[in-house]
Each structure stands twice: as structure tokens, then as C-alpha cells.
Amino acid sequence: ALTDGVHTELLHGGAPLHPPQTFALLLARTLVGTSGLVVVDGLLDGVSDAVLERFLLARRRHPSAPTLVVLTEDAELARRFDRTLWLHDGGLHERPPLRSL
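Residues are numbered in my numbering as their position in the sequence shown, beginning at 1, plus a constant of 676.
Heads up, some of the hints might be wrong.
Stated by the list, open to error - Beta-carbon label-pair distances, calculated as ranges: (1) Gly681 to Leu763: 37 to 43 Å; (2) Ser740 to His683: 28 to 34 Å; (3) Gly689 to His764: 22 to 28 Å; (4) Ser724 to His769: 29 to 35 Å; (5) Asp717 to Pro696: 15 to 21 Å; (6) Glu729 to Pro692: 25 to 31 Å; (7) Arg755 to Asp717: 14 to 20 Å; (8) Ser740 to Thr698: 22 to 28 Å; (9) Glu752 to His683: 35 to 41 Å; (10) Ala726 to Thr679: 30 to 36 Å.
The set of hints was computed from the structure by calculation and includes no laboratory data. Nothing here was measured: the structure is a model prediction, and the numbers come from that model. Where a beta carbon is used, it is the ideal one built from N, C-alpha and C, also for glycine.
Could you put together the complete structure from these sequences and hints?
Structure follows, in C-alpha cells:
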């Protein structure tokens, strides 16, 4: 239970929520968020393939969902997305989709 109910402050990584709860909250934010942009820093790293597939399928079913920016060092995870950007020497560079390499 959350100590302050809906007013509970969530820390980096979603604490005090458990990982499945954090992931469910992330999914909801990426589908109905009003900001137009959701940045996910490492939260998808280590998510099982089955859970990730359900997440991506839900995103595809909502084409008007906010733009999702996923920060990861996991090449396998990056392959799941249509567009990959690479930070190198202080610049941002676009790569072809990793699945075609």
C-alpha cells in the first residue's frame, strides 16, 4: 500500500512501487499522457520479451500516444524500435534501424 495514497511521491525507478506496478504505470503514461513526449531512461532494460511485446503492441494500437524516447545501452532492446539515435562525440547521430544491420 502507498503510505500517502495517490499523493505518494515516486522516486527514480518507480519506488516504492514494485517493478510490475512501475511498468504498468509507464505503459499507461505512454498511452494517455498529455505531454506529447515520454522519456524512459533504463526502465525497459531487462524487461522480459513477452512483457516488452505486449507493451509495444499496446503502443501500436494507440497511434496518437505520446512520442516515446527510450534511453538504453541494450542493443537487443534498441532493435525493437523503428528509429535509433546515437550519442557520439557530443553529437546526436541517426542510425539505420538496427534490425537491418
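Non-conforming hints, listed in increasing numerical order:
none
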